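**Student:** Go by the hints and put chain B onto chain A.
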Amino acid sequence: MIDLIDYEKALKNLTKEIKEAEVNAEIHEKLSIRVSGGQVISTGASSITEIFVRASGESTGYMYTQNLEEPAKDVIFRAFENGGCSNTGKLDVINTRDKSCSGNPAMAVNNKGVVELKKIAEAFENEILKSDPEIVKAEVEISASTIGMHVLNSLGVNASYSYPVYEAEVDVMAQHEGREYNASWINTSSDIDKLDKGFAIDTIRESLKNQYGKGPFKPGSYPAVISSKVVINMMTTLWQLFSGVKYLEGSSVLCGRLGKKIGSDVLSISDISKHQKTGYIYPFDCEGSRGKDQKLISKGRFERLMHNLKTSSEMGTGTTGNAGRRALLSGAISTDITVIPKNIYIEPGEASVDGLLKNMDEGIYITDSYDEFHSINIGSGDFNIPCRGVMIKKGKKQYAVAALNICGNIIDLFNNIEEVGKDLMMEPVIMLKSYCIGGPSIRLKSLQVNGKQKG
Amino acid sequence: MLTNGEIGNILKYALSSGGDFAEIFFEDRDENNIKSSDRKMRGMTSVKIHGAGIYVLCGVKSVYVYNNNTSYSALIDTAKQAAELLSSLKKVPLKDEIVFSMEKYKSLNPVMLYPSEVNCIEKQRVVRETDLAARSTGADIRQLNVDYFDTDQRVLIVNSEGLYTEDRRVTSRLRIQATVGDGVRYMYDWDDYTKPMGFEAFRVKEDYTEFASSFIKAFAGKINAMSVVPCVVPVVFEAGSCGTIWHESCGHPLEASAIASNRSEFTGLIGQQVASPKVTLIDDGSMEGMYGSASIDDEGHKTQKNILIENGILKGYLCDRLGGRRLSMPSTGNGRRQNYTFAPSARMSNTYLAPGNDDEDEMIRSVDQGLFVTRIGGGNGGREFSVEVSEGYWIKNGQIDYQVKGLMLNGKGIDIIKLVDRVGRKLVPDKGGFCGSVSGLCCTTSFQPRMRISRMSIGGEGR
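One line per chain: the protein sequences are A and B, in this order.
When you line the first sequence up against the numbering used here, it's residues 1 to 455, in that order.
When you line the second sequence up against the numbering used here, it's residues 1 to 463, in that order.
Source of the hints: derived by calculation from the structure; they are not laboratory data.
The structure displayed is predicted, hence computed values, not measured ones.
Virtual Cβ for every residue (Gly too), placed ideally from N, Cα, C.
A portion of the hints provided could be inaccurate.
Said to hold, decoys possible - No more than 27 Å apart at the CA atoms, straight line, and that leaves these computed lysine-lysine pairs for DSSO-like: (1) A:K19 - B:K40; (2) A:K218 - B:K412; (3) A:K9 - A:K112; (4) B:K80 - A:K112; (5) A:K16 - A:K90; (6) B:K222 - A:K452; (7) B:K48 - A:K310.
Claimed, not checked - If you want a taste of the chain B side facing chain A, the calculated C-beta under 10 Å gives, among others: (8) Y188; (9) G356; (10) S386; (11) M408.
Extracted from the complex, chain A is given alone in its bound form (with noise of 0.2 Å):
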């Protein structure tokens, strides 16, 4: 899979002045297909082999380097004369074998080609079409990548791990009354022939429904159920309030609560190596430390961190195997060991969306949202969030709003939640895809929504 037999070599042979180093090889193989009026209008495949080094003397100092030509001792030594920049006093600290992942904990790769892939993208687009008469374009994309992971470290860690990943994309346009609308659906698996066709498609056509009809509007605070499509927005951000990195920091809302309840009963959080809903798993992180699967909100109650090995040994715990690179979009490469979430979600209920529209009986729908980076401050908890959404009165749907606010602040969200819906779902996060995110819809007591009064 990832050639690392000079690095191997290279970190039995260390020279004097490192004490120690660690090699983290990630591996990125994807071929892709889009179609669109019955023709494949792109493909695209791609290799990448990313090698993160990271070597300590008096000091640790880093590198990343994509020249795979470029000869593993000079690589490690760059990064052990990078250390020299630092003023910490302090070495960070690596695994050690014992206390990490060894071994293959999975070892497959991508076997489908380019002609499997048109063939389902095709058939899918059609099967779209043919679903609602109003839906007058669309574009599938279906890719397959390889995704593999090799860590090893002069304290002798060597594990590695490869595996496939099928994702669908699609994107619709419907004409409804003389207007456009658009919609979008994503959706990732382990097994290209378990991409959830049939939900794709009933989601999309609720998605352009949610959209329809126009009435009157009028700033308030009203009863609201959010869809898991918008909860999924929020933890792209919220997430950020269990990461060691930030709660150790003081960047986090939630400082100094751990142990507290900070919500209602009804919400519990998890953060798991693999999920059935995603493609995407994670049995060891980028410092090789197994993944852990674990309750952050149990019932409410604030109950644990994701932690690096450098965040654990601060609060006196052990490592969850949350070590990792890409956390949020910046406008460099993301080099720097943090904490990110593997497949981390609310956990479902019981109630269909109907279920929850029905419970609610009069308020508001938020069906989408945007600008999942700008719109939640962390620190204060506060969120303003840009959303469209359909009025509900005795449980059905009405007419739908737009260029909608929702707002308030997160902890007040969390103790406001009444109900959970089972309809969870689950994505990779936008252009990183270095974590997944879920939500099920849910059903608060009351949120404060603004928008333009009309009617």
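**Tutor:** Here is chain B on its own, set in the frame of chain A:
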């Protein structure tokens, strides 16, 4: 380095299944990152990016294949793979020799001091001075990270039309992330100091220390900002980086991918009045000294000034090569990408509202109750857009009143731009930041003169 003959062979193989155009994008990029948190230097990371992408077009069909093994044999295999993926039934013999014509363009952002010429002690000094400046404001800082980044990107673009061109792009940046409060309430925020140049960006200490202290002071001021009651009022957007509203409300919807995929309200409206007659919107990747500028785009097309909207009339879209084919339009020199792992796509570069004739002070004086936005944090574009009001003030009886908090402005771009009723005379540039979209993160600027929208729906919690 590959010879012209070898490059020509790779392109020929890429075209061997009937493609009508092929391109190779070679990239080498060196980056350095120095991090400090809580006054401690946490070490330096050196980054080496190296790879190539092969792009093949056949009409409006495209194939993009990339990897980071750029040996001749690996790229021949990559080209063959691209040809195979094109799914064209036509097998054509390999073309005759491709004759390359080297194009050289003057750099729009010349560099005086390359990052590799500066030792890390100097770079650490800049980080320390920035950290000190932030802390010297006296604000209650719970957490402060200062990150230094420099980037030196070398690209070589060759294509089957015989183009052979290269570019070198150097940028320098500081990022401050802070959690600031008053002992009771805390907030988190970040900002970038960005320069499209080498280490000379830090020659004048006051430039970056003033950035750091201003950021913290403005941030600290937000702790006691008040929420506003939901209402519909005029909104004045300050000159400078508040131009992000144009980036989100109509910049993204004017990109070829959005138009061609029917994800834009501007589709099919060229020649029509789409905005207030006071609006002239321009995207120009050829401006000297700007963060979004480069002499060529990432398809080797010379960058240029593109008038998108003129006096409210829609004049054109932003096109890359493929987007232009889909819309039957020429490339506008906007084919851009974060790096070789992305196929190029039409993206904004430096997008700005042209100055008008209105008095900057009058547009606030004439507002009875309204909002004055002085800084926008970021946003999202599409059929509906949103922007974060990172710093804003209530206007009461024509005067700036209290600072407001926690606001996002959103709406339908094509509706909002019709409501522009004032455009000031003085255009103020923006330092720039990053835009994330289909071809990754690209450096952009968005700026404007002071401008007013006659009515927008705004509202926080209202407590």
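**Student:** Does each hint fit the structure? Answer for all of them.
**Tutor:** Structure-based check of all given hints:
1. This hinted pair checks out: K19 (chain A) and K40 (chain B) have alpha carbons roughly 22 Å apart, not beyond 27 Å.
2. A distance of roughly 18 Å separates the Cα atoms of K218 (chain A) and K412 (chain B); the hinted pair therefore holds under the 27 Å criterion.
3. The hinted pair formed by K9 (chain A) and K112 (chain A) fails the criterion: a straight-line CA distance of about 34 Å is larger than 27 Å.
4. Straight-line distance between C-alpha atoms of K80 (chain B) and K112 (chain A) comes to about 18 Å, which keeps the hinted pair within the 27 Å bound.
5. For the hint pairing K16 (chain A) with K90 (chain A), the CA-to-CA distance comes to about 19 Å; that is within 27 Å, so the pair holds.
6. Taking the CA atoms of K222 (chain B) and K452 (chain A), the gap is near 25 Å; set against the 27 Å cutoff, the hint holds.
7. The hinted pair formed by K48 (chain B) and K310 (chain A) meets the criterion: a straight-line CA distance of about 26 Å does not exceed 27 Å.
8. Taking 10 Å as the C-beta contact cut-off toward chain A, the hint placing Y188 (chain B) at the interface holds, the least distance being around 3 Å.
9. About 26 Å separates the beta-carbon of G356 (chain B) from the nearest beta-carbon of chain A, more than 10 Å, and the hint is not met.
10. With a least beta-carbon distance of about 4 Å to chain A, the hint placing S386 (chain B) at the interface is held under the 10 Å criterion.
11. At its closest, the beta carbon of M408 (chain B) sits 5 Å from a beta carbon of chain A; the interface hint therefore holds under the 10 Å criterion.
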